[in-house]
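Asks: Chain B: place on chain A using the hints.
Number of protein chains: 2
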Amino acid sequence: MDTRVVGILGGGQLGRMLVEAANRLNVRTAVLDAAENPASQVSGSANLRSHVTGSFKDAALIGDLAKVSDVLTVEIEHVDTKGLDAVLSQGIVKHIHPTPQTIRIIQDKFRQKQHLIKHGVPVADSREVTSVKDIENAVAEFGNGFPVMLKSKTLAYDGRGNRVIKSASDISQAISDLGGGPAKNGPELYVEKWIPFQRELAVMVARSVSGNIVSYPCVETVQKNNVCHVVVAPAQIDGTVQQRARKVAEEAVRSFEGAGIFGVEMFLLDDGSILLNELAPRPHNSGHYTIEACYTSQYEQHIRAILDIRRSIMINLLGSGSATSDLESSVLRPCRIAHETTGASVHLYGKAACQKGRKMGHITLTADSMPQAAALASKILGDDLDAETKRAFAPAPVVGIIMGSDSDLPTLKAAAQVLEDFGVPFELTVVSAHRTPKRMVEYAERLVLVDLKSLLRLLVVLPIFRNGCGSHLASCYWSSSCFEALDGVDSLYSICQMPRGVPVATVAINNSTNAALLAVRMLGAAVPDYLDKIEAFAKRSEGEVLGKVEKLDKVGWKDYEVKH
Amino acid sequence: MDTRVVGILGGGQLGRMLVEAANRLNVRTAVLDAAENPASQVSGSANLRSHVTGSFKDAALIGDLAKVSDVLTVEIEHVDTKGLDAVLSQGIVKHIHPTPQTIRIIQDKFRQKQHLIKHGVPVADSREVTSVKDIENAVAEFGNGFPVMLKSKTLAYDGRGNRVIKSASDISQAISDLGGGPAKNGPELYVEKWIPFQRELAVMVARSVSGNIVSYPCVETVQKNNVCHVVVAPAQIDGTVQQRARKVAEEAVRSFEGAGIFGVEMFLLDDGSILLNELAPRPHNSGHYTIEACYTSQYEQHIRAILDIRRSIMINLLGSGSATSDLESSVLRPCRIAHETTGASVHLYGKAACQKGRKMGHITLTADSMPQAAALASKILGDDLDAETKRAFAPAPVVGIIMGSDSDLPTLKAAAQVLEDFGVPFELTVVSAHRTPKRMVEYAERLVLVDLKSLLRLLVVLPIFRNGCGSHLASCYWSSSCFEALDGVDSLYSICQMPRGVPVATVAINNSTNAALLAVRMLGAAVPDYLDKIEAFAKRSEGEVLGKVEKLDKVGWKDYEVKH
Numbered sequence: 001m002d003t004r005v006v007g008i009l010g011g012g013q014l015g016r017m018l019v020e021a022a023n024r025l026n027v028r029t030a031v032l033d034a035a036e037n038p039a040s041q042v043s044g045s046a047n048l049r050s051h052v053t054g055s056f057k058d059a060a061l062i063g064d065l066a067k068v069s070d071v072l073t074v075e076i077e078h079v080d081t082k083g084l085d086a087v088l089s090q091g092i093v094k095h096i097h098p099t100p101q102t103i104r105i106i107q108d109k110f111r112q113k114q115h116l117i118k119h120g121v122p123v124a125d126s127r128e129v130t131s132v133k134d135i136e137n138a139v140a141e142f143g144n145g146f147p148v149m150l151k152s153k154t155l156a157y158d159g160r161g162n163r164v165i166k167s168a169s170d171i172s173q174a175i176s177d178l179g180g181g182p183a184k185n186g187p188e189l190y191v192e193k194w195i196p197f198q199r200e201l202a203v204m205v206a207r208s209v210s211g212n213i214v215s216y217p218c219v220e221t222v223q224k225n226n227v228c229h230v231v232v233a234p235a236q237i238d239g240t241v242q243q244r245a246r247k248v249a250e251e252a253v254r255s256f257e258g259a260g261i262f263g264v265e266m267f268l269l270d271d272g273s274i275l276l277n278e279l280a281p282r283p284h285n286s287g288h289y290t291i292e293a294c295y296t297s298q299y300e301q302h303i304r305a306i307l308d309i310r311r312s313i314m315i316n317l318l319g320s321g322s323a324t325s326d327l328e329s330s331v332l333r334p335c336r337i338a339h340e341t342t343g344a345s346v347h348l349y350g351k352a353a354c355q356k357g358r359k360m361g362h363i364t365l366t367a368d369s370m371p372q373a374a375a376l377a378s379k380i381l382g383d384d385l386d387a388e389t390k391r392a393f394a395p396a397p398v399v400g401i402i403m404g405s406d407s408d409l410p411t412l413k414a415a416a417q418v419l420e421d422f423g424v425p426f427e428l429t430v431v432s433a434h435r436t437p438k439r440m441v442e443y444a445e446r447l448v449l450v451d452l453k454s455l456l457r458l459l460v461v462l463p464i465f466r467n468g469c470g471s472h473l474a475s476c477y478w479s480s481s482c483f484e485a486l487d488g489v490d491s492l493y494s495i496c497q498m499p500r501g502v503p504v505a506t507v508a509i510n511n512s513t514n515a516a517l518l519a520v521r522m523l524g525a526a527v528p529d530y531l532d533k534i535e536a537f538a539k540r541s542e543g544e545v546l547g548k549v550e551k552l553d554k555v556g557w558k559d560y561e562v563k564h
Numbered sequence: 001m002d003t004r005v006v007g008i009l010g011g012g013q014l015g016r017m018l019v020e021a022a023n024r025l026n027v028r029t030a031v032l033d034a035a036e037n038p039a040s041q042v043s044g045s046a047n048l049r050s051h052v053t054g055s056f057k058d059a060a061l062i063g064d065l066a067k068v069s070d071v072l073t074v075e076i077e078h079v080d081t082k083g084l085d086a087v088l089s090q091g092i093v094k095h096i097h098p099t100p101q102t103i104r105i106i107q108d109k110f111r112q113k114q115h116l117i118k119h120g121v122p123v124a125d126s127r128e129v130t131s132v133k134d135i136e137n138a139v140a141e142f143g144n145g146f147p148v149m150l151k152s153k154t155l156a157y158d159g160r161g162n163r164v165i166k167s168a169s170d171i172s173q174a175i176s177d178l179g180g181g182p183a184k185n186g187p188e189l190y191v192e193k194w195i196p197f198q199r200e201l202a203v204m205v206a207r208s209v210s211g212n213i214v215s216y217p218c219v220e221t222v223q224k225n226n227v228c229h230v231v232v233a234p235a236q237i238d239g240t241v242q243q244r245a246r247k248v249a250e251e252a253v254r255s256f257e258g259a260g261i262f263g264v265e266m267f268l269l270d271d272g273s274i275l276l277n278e279l280a281p282r283p284h285n286s287g288h289y290t291i292e293a294c295y296t297s298q299y300e301q302h303i304r305a306i307l308d309i310r311r312s313i314m315i316n317l318l319g320s321g322s323a324t325s326d327l328e329s330s331v332l333r334p335c336r337i338a339h340e341t342t343g344a345s346v347h348l349y350g351k352a353a354c355q356k357g358r359k360m361g362h363i364t365l366t367a368d369s370m371p372q373a374a375a376l377a378s379k380i381l382g383d384d385l386d387a388e389t390k391r392a393f394a395p396a397p398v399v400g401i402i403m404g405s406d407s408d409l410p411t412l413k414a415a416a417q418v419l420e421d422f423g424v425p426f427e428l429t430v431v432s433a434h435r436t437p438k439r440m441v442e443y444a445e446r447l448v449l450v451d452l453k454s455l456l457r458l459l460v461v462l463p464i465f466r467n468g469c470g471s472h473l474a475s476c477y478w479s480s481s482c483f484e485a486l487d488g489v490d491s492l493y494s495i496c497q498m499p500r501g502v503p504v505a506t507v508a509i510n511n512s513t514n515a516a517l518l519a520v521r522m523l524g525a526a527v528p529d530y531l532d533k534i535e536a537f538a539k540r541s542e543g544e545v546l547g548k549v550e551k552l553d554k555v556g557w558k559d560y561e562v563k564h
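The listed protein sequences correspond, in order, to chains A and B. In terms of UniProt numbering, the first sequence has 18 at position 18, counting the first letter as 1, and numbering is strictly consecutive. In terms of UniProt numbering, the second sequence has 480 at position 480, counting the first letter as 1, and numbering is strictly consecutive.
With the rest of the complex left out, here is chain A:
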């Protein structure tokens, strides 16, 4: 449906996964690389017939790719950037993401580091070097002695182009190994202070055409023979460290031009500080996990970022064809909203014509809870959301409030109100251990049989009883998660003395508000949205108390009136 073609320099696995993401959005692709490369195998080449066979370092071939493309991007940074400059200045393509200038800075790792330092991003200390003497001087300036790291400025990756210098006697050999010495355009090598890191972290960062920045979770990468071996997402480290790493990565990407995804590799030191190691202006090995683990993969994110899909893909299509209004209401509008909605995945099928009733694509919405999924669906379906569909969305209860008698209702209304306020689906009913023992057993069994592996995963029971009869029910319900609001010290004692292996928690006497708040918090383990709401609630509570502090200071304790 989008008529634009994305030209990709490089057809390796990163290119292949970019094409897969583009296919799903029905965005066409053309690939420049050697014949039979992984990416062109899965792109719409049979129809497009526009792949270019050869090297992405060849300016002429970059020109050929540009001729069949509307936007150029890269899956590898070692491309001919002058070729890219040329197609841009000649107006063959209007957009290259990231920009040739960004790629140029990143290609040269020393220049990349100088750029980052200029923008306040923490990196390891390093010096340009051409001779043994240069390196000896640098070691002296670093002040930590050996080892140090000698690196090639360009074409170094997966451990290639690096040498560890363990002592002064290693220096000559290391320079010679890396083919060093003075080059035409200045030194080709640099030496870097040794970083005794604790872990290697990585963060994928996306930058939109307009410069908005979002980042993925912080992961840990484990290298083997200098190649990424395993990625653990999220990194099993303190949340505050994760946050700092994401911030460093975001600041680094903010300093570059052009849209798309960037892979940022960092070192975590023992003192908790973070140094940026290097970044890549493209999808990255450490971001493969986003295909399965995130709402939007790094590949789809890249395609959407470079095409600015949020803004324009659907608007471009509005002017095409005779059935414009049908296409707009049935396909384009929902897709446009979906592209702005976290948790919505758009699948377009690439059908030639939009006939009435023809299945053109679908949108899948995923969320942590049914109320959230239903809210997304309302947003996207709009007027198409009829009564029948709404009924299907009506969420099954995830909290049950049960009481021994309807006379408990006044006490329990507070709990119901909290659940309603927090948008937690619940049911409220009477189950008496003494007067409806059979119903009690059936109720308990139904809870156990509820499909706990499904989206919502947990039915929390919130049994609230009076006058000590609680313990009977509590033990019956023990296979669910129980806690109680009490209105008698006898109940309190009986619940606190439940036998080992039967955990039932007591929240408060005559205070069902707190029991409900705890239920919401428990569900927060599966539905983070509830935790956000709880946090906002806590902030409001704190604000109210601080307001009273202020008032007390202002009016004095003699004139202060307490409100009940």
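What the hints contain is simulated information worked out from the structure, not anything from laboratory work. No incorrect hints appear here.
Keeping only pairs whose Cα atoms sit at most 30 Å apart, straight-line, the calculated DSS-like set for lysine-lysine is:
1. A:166 to B:390
2. B:356 to A:224
3. A:539 to A:563
4. B:247 to A:438
5. A:133 to A:166
6. B:166 to B:133
7. A:390 to B:247
Only some residues are given here: those of chain A computed to face chain B with a beta carbon under 10 Å:
8. 229
9. 233
10. 293
11. 361
12. 522
Derived CB-CB ranges, DEER-like:
13. B:144 to A:509: 52 to 58 Å
14. A:386 to B:382: 52 to 58 Å
15. B:382 to A:427: 47 to 53 Å
16. A:509 to B:406: 30 to 36 Å
17. A:427 to B:308: 41 to 47 Å
18. A:436 to B:128: 47 to 53 Å
19. A:407 to B:247: 38 to 44 Å
20. A:386 to B:128: 32 to 38 Å
21. A:548 to B:269: 56 to 62 Å
22. A:166 to B:417: 43 to 49 Å
23. A:427 to B:133: 47 to 53 Å
24. B:144 to A:429: 33 to 39 Å
25. A:269 to B:382: 28 to 34 Å
26. B:561 to A:238: 50 to 56 Å
Every residue gets a Cβ at the ideal spot worked out from N, C-alpha and C, and that includes glycine.
Replies: What follows is chain B alone, placed relative to chain A:
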């Protein structure tokens, strides 16, 4: 890497998504359908050049597809089954999944129903009809009067080929609308008893070559103008009903031959009973959600089922090339194990040669908790799991046990033991509200800052104090989820009187086992595995008590010795 080609009859959206799944596994595909169809656009046609252009109802073209394929499958059931029989009997392909016979039975919806009745699957009552008289007789036999449903046996879908008969006077028109009357091969129409259903349910079921059956969650489908409009997964109905629907769907699929995915549509009646409506021997509209919401999509499941990938894909490759042993240890073995592992996604890049150090593919493991992910990784990595990697897997704590003084340790060891037994990562430390107030505030802040949106999503705090000092801490920690094990009535009273808005639960006096069990249950909202373990624990507890009942009955109360 798999050299087999899957030939797909039909190149619509279902075929396209089958090709996408095959691409990721680097399984090659050939498509038979009209030119420029959605499926061939994304398949490796540039290299394979083996798509067949034309109709999947043309036996000669089915023969052409068979010549370039190793296995044939369908994305639509309205294919020429005699053409399929022919290529099988002539030995042009060895495998067609599902079998032509299965497709033949399912193509004819009346025959499908007779088949299901024979195998004990509940369906609506129906009769073959050719005349007005036949229909009048059927209505009398059904015994419910009008309306009834008149249906074409074949080529009916998305509401086409169906007519509601509201009264006797509608009958002639309905027969004429559906082009009915006696046909060469017997009646082409059947009439079905009216089903006043409450909801329409659907379940995707996969059948392996050896006949193993697995099903996806039960979903609700909402139709609009007789076409599937919205799918809600899981259906927001009682878990017991979901279970019954899955069982009906599994039994139905068990009765057919051939491997692959089947879509099963059912009616849920007001009395809770389930009737099978119809099934499709292929991926289904109601299963699109599996791409985003399930470990393995219906499309990948279909490709893996028809190729019997669990057993043979990698074994086939063992005999190829000179670097067999390298390929085996570095790529094939991990992939083989991954294909047997829920939560493992295999990505193969389609590279021509397996050179040393070349990135050939990757495997992503997703799990609800880091201990589970680490276990999957150990299984797949085997000897490749070195110390460095193990360290990265070491999970961050999700439960904190804190105590005011180390003298509490004897009481708290029981909680630690429970968490260790259940495989819940935890930390245990001293935080005193009175003696280390600054540390307490820092600890609380760290909890709040932990990235709650990450995989584990929740840090549960399990603060356990003594002698009533709990309330100070409890209020500081209120933004985490707290519950306590107490050893004094003063503590009990102070916790139960926490103000509204500050939910802190009390579990027991001097019983930290129960506090830990409740923590495990809370985490179960995000990690269903913990709920399974809790359930097993409950079963063991029940068994122990029932054992004592038996012993008491046997030895009598006089001789029964109580063990402490």
